[in-house]
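J.: From these two lone chains plus the hints, build me the complex, please.
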Amino acid sequence: MKVLVPVKRVIDYNIKPRVKADGSGVETAGVKMSMNPFDEIAVEEAVRLKEKGVVSEIIAVSIGEAKAQDTLRTAMAMGADRSILVETDVVTEPLSVAKVLKALVEKEKPDLIILGKQAIDDDMNATGQMLAGLLGRPQGTFASKVDVTDGSVTVMREIDGGSQTVKLALPAIITADLRLNEPRYASLPNIMKARKKPMEKITPADLGVDMTPRLSVVSVAEPPERKAGIKLDSAAELVSRLRNEAKVI
Amino acid sequence: MAVLVYLDHEGGAIRQASRSAIAAASRLGDVDVLVTGPDAAAAAKSAAAIPGVKKVLQATDTTGNSELAEPVAALLADLAAGYTHILAASSATAKNVLPRAAALLDVQPIPDIVAINDADTFVRPIYAGSALATVKSADAKKIITVRASSFDPVAGEGGNATIEDVALPAGPGGSTFIATELSKSERPELESARVVVSGGNGMLNGENFKLLEPLADRLGAAIGASRAAVDKGFVSNEYQVGQTGKIVAPELYIAMGISGQIQHLAGMKDSKVIVAINKDPEAPIFQVADYGIVGDLFTILPQLEAELDKAG
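Protein chains in written order, with UniProt numbering: chain A, 1 to 249; chain B, 1 to 312.
Bound-form chain B, shown alone (with noise of 0.2 angstroms):
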């Protein structure tokens, strides 16, 4: 039995949530592995040097059909053919090309899983994490997208797979690629950073988001935000953390001003430490926190810094 994982990359370098993928995929089958790209060739050099991939396909495009999800899809369908499963790490690319190749397949995907209970049957979030859902599945063929912060990525050195090209199908036509504008940043990537500190609507404004950075340094943190604060402006919606955003699992996550909507509750509440800071004693934030302080965020940001930099 052999799985095929779709990988996500940043210019060549493996994102750890496709090492969560391969370690949820491992449990399935012999992993193979599918790059894309422009950078496919350093992302299939990257990929093979994981432990337990046995083979690297990969799909150099510079066309900018590799960023569309009709080509993407199209590959997959055609590669499935030697796969019982396809699966993903849960990501906005993810999203956009896994359920067209399932439709081209005649499959219905799995999205988001969070255990595997055997080669048909695994367990889903539901109702933005208020139910967990155990679906068993009678395609023939499984399409799932994996929710990194369930799985323990697998290392990104040790392995030693073989690298083989395939071509990317022009697809059905119709779509150019225009653009890609990402947002610069010299922090740690939110779905992976090991802490995260965020603001939620008692930040204010956006002005005062720049007053987490200070407290971020000092921990490595990346900087998230809730709905509200991103809704409101304050920051960009690559910031929010939630269940129409990013779903992490830091171990040390710090809610500022947030008030913990079960929206947003649904994005963080695996994290391993939560600490909430809140001038609303009855903020639902306070009934998943493992410590809290009731009170005013921008009296306790700087003494929260002062302390750090006494203890550090």
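Isolated chain A (complex conformation) (with noise of 0.2 angstroms):
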């Protein structure tokens, strides 16, 4: 059976994004990017998939800029066979880029497609679910254990106050969580491996996709920064001043 994982490229986890002086964005010239972390745990769970034998076949695929190929080098040297780049240089929204999954799904029939519960860039939250609604096909989002046995996928979700557990026919879509599993790192014969597996690269238009944004940005700001206050030396002068400053407790 065949997988298909979305990925994003997004600045990396590690780095703390700066707002444009202009309030247009969040700066990204010059920034270290890296796959999704949420992305990676996708990648992750398709290439243990194979590994068990489940899978045949993972087809990674970015949308977005040229530089997203990078990602998509990722995502073989983790254990993708091939990979797909759509490429645009248009700011990425969830329901475009559902869009544009939709005809690639149409095209390469997969049975299962896993994708990170969220791009930490955006923060959305919606991509997966998405494009589940526009292919008809059953969800199971924010996915923390995943079994696939006989033409079905149980999945147990992490829901507020718990976990839920839900069977979906395939084929199915994903979005995986943090608990999901860890990520392996890519070893150096594995990435030098990943530069010859093959990358196809077409754009919205060959896949008949609009991608213009619903969303427009009027600006992006810093959040109102919050001061540190003041150390104390004991729990008497703590509760003192919870009690007769601040009037909390």
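Treat the hints with care, as some may be off.
20 angstroms max Cα-Cα, derived PhoX-like pairs, lysine-lysine [said to hold, decoys possible]:
(1) A/K145 - B/K232
(2) A/K2 - A/K107
(3) A/K32 - A/K67
(4) A/K16 - B/K269
Derived by calculation from the structure, the hints in this document are not laboratory data.
T.: The structure is reproduced here in structure tokens:
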């Protein structure tokens, strides 16, 4: 069975993003970029399913600027067999990305699409659900455990206050939460091998998808800073301040 | 102009976060609400008492389908014709359902709003709260989740809305609800607690988290945790406060042995008063804390309890 894994190139999670001086967005020029951490978990899950013999082929796909091919190479170094770059300079939104992915799903006919639950740049948490909606297929979001058996997948999902288990007929869409697995680091030999793996390059127009964003950014600003308070010497002083100054206890 | 709010409820009691979503919605138009589930009738009764709600739509379902995104998203898409905006509090349920409904309506959703500028323009955090983006939607209909801590909840009593039945559609099929497992707790809900006591890496192990309980009992607090503590298995992930966990804004937040990673700060920096206890004087948590004590939390914790007993 075939798995499609969409991956996004984002500012590395260890870097503190800086708002551009003109308030038009967040500075990405000259900033270290990496694969979205939740997408790494999605790739890892696909690779584990392949190692278990459940999956025969993993296709990584990225929608974005030309440099997204670095992210696809990383996915292939982790174990994806081939990749597709859908190149566009337009700002990507979950709706337009879901439309591109829908077109690719119709072409490639994967049994499973595994995405990260959320990209750490726009924090939308929407693409997987939207793809499932457009395809009219079952969704298992925020997955912490995935079990594929005979044409269906059982997904344990993280919900508020606990977990929920659902069973989905294939093809299905899964979005990976933090605790699904711990992604591997690509080894040097695998990074070398990934360079030779096939990468197809197409555009949204080839798939007949209009990428025009529905949301326009009016401005991007730093959040109001919280000021550092005072250091106290004892629990007694803390309790007294909380009671008499802050009046919260 | 009418607005629909999809409510979260627990056994018929409307969650406080959903009342914050109603507060946000009432700034956009007349508010109707939707409740689903086996206890929808009880939830509808509670919802009808919320001031400002005009009409309650109840979809009672005992098949388990109301636990699934597919039928509920289909229902929201069916109901959408009568509304300019569809809102819900940012919960795991809403995040599962609303984007799917948005796809069915060809709408780009606007998640986690913290402010409303006008009917088309909203403010939302990006990059785990490192920046605030003001975005204007070109869609005819808006699908929005609301960060509850940014909107004061409306009251729970005093309203008198009408209640109408709606049927939950079957959806496209292929999904089956198997089970839900909720962790039982006597403590207040993390997202609506007045006081939160959280532990981090400095708690060293899961056993030590029990040491926070007497303090939480004295303060009537919920217990939270940093992602580091959750990742290390000290406590389960429903305790996690942060960008990828719960967003909280209590009156008092006490961070015990939490260094203050960006992703944790994103989940608690809107708290009214922040207290940090950490042995590392350079820990970033002190940059946002109103009161800090540099020291060993295992020494300070019992002192704190003793002082609270004394003072109280």
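J.: All hints, please: hold or fail.
T.: Taking the hints in turn, this is what the structure says about them:
{"no.": "1", "hint": "A/K145 - B/K232", "verdict": "18 angstroms, holds"}
{"no.": "2", "hint": "A/K2 - A/K107", "verdict": "12 angstroms, holds"}
{"no.": "3", "hint": "A/K32 - A/K67", "verdict": "12 angstroms, holds"}
{"no.": "4", "hint": "A/K16 - B/K269", "verdict": "16 angstroms, holds"}
Figure legend: structure checked against the earlier numbered hints; every hint is met.
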